[in-house]
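Visitor: Chain by chain, the residues:
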Amino acid sequence: MSTRYMFLIYSDEAAMADATPEQWTEMLHAHQAWSGSVEAAGAKIVSGEALAPSTTSTTIRKGGGSPVVTDGPFAETKEALGGYYVLDCADLDQALGFAHTLPAFTVEVRPVIPTG
Amino acid sequence: MHDSVEVTSAVEQAHRAEWGLVLASVARLLGGDLGTAEECTQEAFEAALRTWGTRGIPARPGAWLTTTARNRALDRVRRETALRARYPDLVREEVEPSGYPGDEEEDAIASVDDRLRLVFTCCHPALAPEARIALTLRLVCGLTTGEIARSFLVPEPTMAARITRSKKKITTAGIPYRVPGGEDLPERLDGVLTVIHLVFTAGHTTEGPSLVRVDLVERALDLARVLAVLMPDEPEALGLLALLELTDARRAARADEHGHLVVLEHQDRDRWDRAAIARGEALLARAFRIGRAERPPGRFLLQAAIAGAHDEAASWAGTDWTGIVMLYDRLLAVWPSPVVEVNRAVAVAFADGPEHGLALLDACTEEPSLRSWHYLPAARADLLRRLGRDADAALAYRSALALVSDGAERAYLRGRLREVDPSG
Chain S
0 MSTRYMFLIY SDEAAMADAT PEQWTEMLHA HQAWSGSVEA AGAKIVSGEA
50 LAPSTTSTTI RKGGGSPVVT DGPFAETKEA LGGYYVLDCA DLDQALGFAH
100 TLPAFTVEVR PVIPTG
Chain G
0 MHDSVEVTSA VEQAHRAEWG LVLASVARLL GGDLGTAEEC TQEAFEAALR
50 TWGTRGIPAR PGAWLTTTAR NRALDRVRRE TALRARYPDL VREEVEPSGY
100 PGDEEEDAIA SVDDRLRLVF TCCHPALAPE ARIALTLRLV CGLTTGEIAR
150 SFLVPEPTMA ARITRSKKKI TTAGIPYRVP GGEDLPERLD GVLTVIHLVF
200 TAGHTTEGPS LVRVDLVERA LDLARVLAVL MPDEPEALGL LALLELTDAR
250 RAARADEHGH LVVLEHQDRD RWDRAAIARG EALLARAFRI GRAERPPGRF
300 LLQAAIAGAH DEAASWAGTD WTGIVMLYDR LLAVWPSPVV EVNRAVAVAF
350 ADGPEHGLAL LDACTEEPSL RSWHYLPAAR ADLLRRLGRD ADAALAYRSA
400 LALVSDGAER AYLRGRLREV DPSG
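Protein chains in written order, with numbering that gives the first Met the number 0: chain S, 0 to 115; chain G, 0 to 423.
Calculated from the structure, these hints are not laboratory results. On a predicted model such as this, the values are computed, not experimentally measured, just so you know. There may be inaccurate statements among the hints.
[Said to hold, decoys possible] Straight line, CA to CA, 30 Å or less: simulated DSS-like cross-link-like pairs of lysine-lysine:
1) S/Lys61 <-> G/Lys166
2) S/Lys77 <-> S/Lys61
3) S/Lys43 <-> G/Lys166
[Unchecked claim] Far from chain S by the CB rule (all over 10 Å, computed), these chain G residues:
4) Gln41
5) Pro128
6) Ala172
7) Asp389
8) Arg417
Virtual Cβ for every residue (Gly too), placed ideally from N, Cα, C.
So that you can see chain G by itself, here it is in the shape it has in the complex (with noise of 0.2 Å):
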């Protein structure tokens, strides 16, 4: 008999490291039958629960967990007609051992392909962006409905609708169950990108105490390792990790004792993970030498170059803002959008003095995609009062304080109003 604490955490360890390996290889089996793998993938981790205790924790969590997910599916292909009549093949499958001490069936466990198929599958054009976050993180990751629900501020029934109209697109539109050929990748690759940074960037709030969701950013972590694991000649695929490695380093930094927010200027640098910033740059390092033989450095390892240009930085007087500048041209060489032009503004205020990027960011008010952005207002208000224009600054404060939803943010807005304008 083991403790039930033990056989819990087991479990719980197994459920975020071989969720995605056992679904993918019983997708597999199932040729792609996303819905069915989801069901079999659950109850293998119910029986988990039930078995573990008695008969022991496995040498081997994830293929003990993998061949009774298998066997489950083989079970219902015999019991269930539909499913009979769709895998005929599968009816006289052997029932594969159960996964303890001894047994090898290396060729069960999910391979390469089958997490990659999962992914790329999960995060595919046809579906809606908010469809491919919510499908990653619960068949990828195996979190709950609920937990995604909650963690984008959704009841829980339109989240399960959402899941389930998404599983439902995939079989009857025909989305193919497999990773794009050549020409398809580079763009697709970067929808799995995207996708995995969007489920970072969530985890990175201003609302609550630490502004952090933690279970969104080890989330997004470990997609990213998985995938610079399996894509590892992908630059943008290294370029992603090393962005989330470099961001995340400055968590702990990213708040006071208090909860308010604490930015990029004042962070007090000893608090930033080094070895998180060193496992950044050296994936930056890898990322930059394949990338050059072939074609120019993508978004996310550029971005990533900006926040290790950051981390480097002994303070923020000491950053190589010309160094940052050059980053944020090539940027918008292979990604122009507006917000990069905002970003690049307020480097070249620091690289060339302020009222430089005012005149820039000035020119980027103009544009329409940019008016519900706090960040922008907030931008100019910064640069004007450094630059002793008080009553300037505290009109943008004003503006950007009417675009930011409550929390840290608008707390720090609010205080810097007041150095500006006591009376604000």
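In isolation and in its complexed conformation, chain S is listed as follows (with noise of 0.2 Å):
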């Protein structure tokens, strides 16, 4: 029995944008064995990406009338969603632990409704 939880990463875009390509090649390595680790351990990664910048982000927006289209995120903030995880995990502590090691400032972590 396992859950499946996402692994929501936030971070500052304003540092992220200043990153050498150096420190680019840093944080994939450090990623990298973060994801040796969680497999070591027994869990399993089931996807994971990094995303563009809020900046290039588009939100429609649909209710009352026609569907508004606006430039920017759904939600506003100093630390901006950057990437995710989806991880089968044996439960909750597990993936705190994760969470944890996992090299970002900000995770979230939220179990995935079981479907199918």
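Taking the hints as your guide, dock the two standalone chains into a single complex.
Guide: This is the structure we're talking about:
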């Protein structure tokens, strides 16, 4: 029995924009090392992606009347959604353990509703 | 036939002593399904009220209730398709006998681990602090949602929603039903002890005639006792129980016959509960013996030692203030907190003179997190009064009054203000 979690990674985009190529490479290696530690602990990484800055985002709101298209993310915050992972973990304690070691400043751990 | 008063009182007694045990045992059977375990436990107590009158009060009420609740759970697993799919092994489980004399089913009785699992799950850090308290009172202590709502002054539907939401989070988020392992244990234990301490302090109010909500204080003591029994080698678990015993020992002296707050300095020490003090002191001694070998004493143990130093003193003037300041120094080292700084400053005032304490308190007024805490200006006012600086004291009492809500504390501060400023 395991539970599937989405790890939503929030980061300071201003700091990310200033990162040098060397820092990007370091970050990539840090994520690879982390992925290795997750698999070694018997959990499974289902997927994971890094997202382009929220300045490239477009939001469509549907409600009364015709859909409204706006430039930018749904919620404007200092720390923006910058990437995600989907993991199968034994339980929340294991998931939180991985969230602690994930090389990212803020991580929201959210259970995925099982389907199918 | 047993008369109904006898039955009601037996069920009430069992409710207080056994609720958490019964629920923990059913929860183990169902692999941590706390919602169903809660319902089955509730039904077992309702069954007790109905059947003990005609069939007699069982010799071991806890065993009867546990068996009945577990049988309800097995019954549900057979009846409800969703549960049947989740617990295929339980479908074939035999229904157990009903726990009357002669029946032995030790195995069904909640083990130490079951009870700890329940407490640690209710106090999981992924739950909001107020949810941890509500869940602990509901699932471990068996208080009704209405009782919990009244204790924390929130409407009952709000509390019901909070409890439902938390139980849902435990299931959906996959909060494990277990006692955390080695390296996580100290931090998680601290979370459990904090919840119990919060229940206790919520019981010490400045509202109402006795200034104490006895139900909350008693439940906190119950929980702390259970934890001290379950974790006899954890100095902080013993320290929390010692702290509660040594503080609650002064309960009868906290208010006078008119319900007015009596501060420690003016309490009638003959009204302190000497038996509770002796229990607290014995726990302190035991905890310090264990603690020395492994790690420095933690915050609950040190706070208990400070409470003990007050309880030992024959009078306010005869208190070992220097010893108390040293304990505060150790407390600050393991638990740096502005509130502790303030309490230490007050102890310094009585050890070295009010002007020394006042200087330290003045430094604390810069701390943003203390800005809305009435105790800081009240403590400053008290020292200014002792120094004969009545005008400054009056000003400080007024600042404190501006921060304190209605109740006994406000009446106390008003009285003090009139002493230094008759027009106040």
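Visitor: Please go over all the hints and tell whether each is borne out by the structure.
Guide: So, going through the hints one by one against the coordinates:
Distance restraint check for lysine 61 of chain S and lysine 166 of chain G: the Cα-Cα separation of roughly 33 Å exceeds the 30 Å cut-off, and the hinted pair is therefore not satisfied. For the proposed pair lysine 77 of chain S and lysine 61 of chain S, the alpha carbon gap of about 25 Å is at most 30 Å, so the pair holds. Only pairs whose Cα atoms come within 30 Å are accepted, and lysine 43 of chain S paired with lysine 166 of chain G is accepted, the gap being roughly 26 Å. No Cβ of chain S comes within 10 Å of the Cβ of glutamine 41 of chain G; the nearest lies about 27 Å off, and the non-interface call holds.
No Cβ of chain S comes within 10 Å of the Cβ of proline 128 of chain G; the nearest lies about 17 Å off, and the non-interface call holds. Residue-level check failed: alanine 172 of chain G sits 5 Å from the nearest beta carbon of chain S, not beyond 10 Å. Every beta carbon of chain S lies more than 10 Å from that of aspartate 389 of chain G, the smallest distance being close to 50 Å; the non-interface claim holds. At the 10 Å boundary, the C-beta of arginine 417 of chain G stays outside the reach of chain S, the nearest C-beta of that chain being 50 Å off.
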